[in-house]
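What follows is the residue order along each chain.
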Amino acid sequence: MPFVGRTADSLMLEVRERVRDTNGSMHTATFVRSILTSAQQVLNAGLEYVIANGSASLYANRVFYDISTLFSSVIRVIGLRGSATIRDVIKLNSLDDFLIYGPYWSRHIGQHALAWTAVGRDVLAVYPAFENDGSLGLYYVKLTNTFSAGSTVSEFSTEQCGPLVTLTEAILLLRQRDLESCNRALGRLQEDLQLELTAPKLGLASPPSNEASA
Amino acid sequence: MSKTTVLTLVSDLTLGAASDTTITGRYYDRVVEDLARFPWLTTMSLIPVTANVSQYTLETAQAKIIAMFYDGRQLSRLTRTQVEGLNRYWRNEYGTPHSYIVDDEANKTFALYPIPTLASKAQSFPHSQPFGQDFPAYTLLVIHTGTRTDLPTWLELPVALEVAAREMERESNHRDLEWAARARQLAQLLFQLVGKP
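Here the protein sequences line up with chains A and B, keeping their order. FYI, the numbering for the first sequence is 1 to 214, going by our numbering. FYI, the numbering for the second sequence is 1 to 197, going by our numbering.
Just so you know, not all the hints are guaranteed correct.
Derived DMTMM-like pairs (lysine to aspartate or glutamate); straight-line CA-CA distance at most 20 angstroms [unchecked claim]:
hint: 1; chain 1: B; residue 1: 64; chain 2: B; residue 2: 20
hint: 2; chain 1: B; residue 1: 64; chain 2: A; residue 2: 17
hint: 3; chain 1: B; residue 1: 64; chain 2: B; residue 2: 104
hint: 4; chain 1: B; residue 1: 64; chain 2: B; residue 2: 29
hint: 5; chain 1: B; residue 1: 3; chain 2: B; residue 2: 156
hint: 6; chain 1: B; residue 1: 64; chain 2: A; residue 2: 133
Cβ-Cβ distance ranges computed for the label pairs, FRET-style [claimed, not checked]:
hint: 7; chain 1: B; residue 1: 172; chain 2: A; residue 2: 57; range: 25 to 33 angstroms
hint: 8; chain 1: A; residue 1: 55; chain 2: B; residue 2: 133; range: 34 to 42 angstroms
hint: 9; chain 1: B; residue 1: 172; chain 2: A; residue 2: 30; range: 22 to 30 angstroms
If you're looking for bench data, these hints aren't it; they were derived computationally from the structure. Beta carbons: idealized from backbone N, C-alpha and C, even for Gly.
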C-alpha cells in the first residue's frame with residue numbers, strides 16, 4: 001500500500017475546529033505548524049512510527065560511537081545489519097551482556113559485527129571492533145521533518161495522525177487557557193498513547209509502510 | 001536545539017506571561033540537570049590516570065556513570081560494602097584496576113580498585129580517533145549522562161512545557177497553578193513516552 005500522509009493544512013484545519021479557532025485569531029498558522037512539528041517529533045521518539053535506514057561508516061579498532069556523528073537525524077537506533085554478511089547483528093540489552101566475551105571485550109578485533117547495544121540514546125557499541133574501516137547498515141527511528149508550509153505532508157501516515165492532532169489540540173487549548181477542554185484532550189491522548197505503548201512493535205523484517213530511506 | 005528556541009516557545013505557550021528569559025533560563029538549566037539523572041542522553045569521555053592515584057572526579061557537565069573501562073577492560077561497579085568484603089585494605093591495594101567504587105555521588109568522585117600503578121600515555125589523537133586507534137593506553141573511558149546546552153530537537157516540547165509549568169507556579173503576578181498543573185501533566189506524559197525502554 002503506498003504511503004499516504006496528511007498535509008499540514010489538513011491537520012491544522014482539524015485542530016482549529018477542535019479548539020474553536022477556525023479563523024486563526026488565537027493561534028497563527030506558523031505557531032500551529034511549529035507545534036505540529038514538535039508534536040510529530042516527540043511522538044515519533046516514543047511511538048517509533050517513522051523508521052529510516054542507511055549505511056554507517058565504522059572505523060578500525062573502535063567499539064564505541066557517538067550516534068549523532070553517524071547520522072544527524074537519529075532518535076534511537078533499532079537495528080544493525082552487516083554490509084557484507086547481510087545478517088542482522090544481535091542486539092544485547094546492556095554493556096554488561098558483552099562480558100560473555102570476557103572483560104576485555106572492547107579490545108577484541110574481528111571481521112564482522114556480532115553484537116551491538118545502545119547506551120541511552122547517544123552511544124552505540126558494536127562488537128567486535130573491525131580490523132579495518134568498514135560499514136554497517138543502520139536502522140533507526142528518525143527525527144521527522146519540519147512542517148515548513150501548509151502543503152508539507154506528515155511523515156505519520158493518515159491513520160497514525162490521531163495522537164498528533166490530539167497532542168496539538170491539548171497544547172493549543174492550554175495556550176488559550178481552556179483548561180477543562182485541555183484536560184479532556186489530555187485524557188484522550190493518554191488513552192491513545194497507552195494503547196500505542198502496549199501494541200506489539202513491528203520487527204525489522206516487516207517495517208512500517210512509511211519506512212523512509214536515509 | 002538551542003536554549004533560545006525553547007525559551008521562545010515557553011513565552012509563546014504562556015502568551016508572553018513567561019517572557020523573562022533570566023528566570024525561564026534558570027528553570028531550563030534545572031530541567032537539563034534533572035534530565036541528566038536519567039540514562040537517556042549519554043556521552044563518552046576519556047579520563048587520564050595518574051600512577052598510584054586511586055580517586056578521580058567527574059567534570060561538572062558529567063553527571064552519572066553508566067559504565068567504565070580501564071585500558072579496554074570493563075570495570076565492575078562495587079559498593080563500599082562489597083569492596084570491604086573483598087579486601088579490608090582495599091585502599092592500599094595496587095595493581096591493574098578491575099572495579100570502581102562511587103565514593104560520593106554528590107561530589108562525583110569515584111575510586112579505582114586496585115590502585116593503578118601505571119600512568120596514562122599521552123592524550124594525543126593523530127587520527128582524530130580518541131575512542132578508536134588513538135585510544136591512549138592505561139586511560140579510563142567513561143560512559144555517562146551529562147548536562148548539555150544542545151538538547152535534541154525532539155525534547156523541545158516536553159522541556160518547554162516543564163519550564164513553563166515551573167514558571168507559572170512560581171509566586172508572581174501571573175501565577176496560575178491550574179495552568180501549571182496541566183502543562184506539567186502534558187510534559188510528564190511526553191517524558192514518560194520518550195523514556196520508555
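List of violated hint numbers, smallest to largest: 1, 2, 6, 7 and 8
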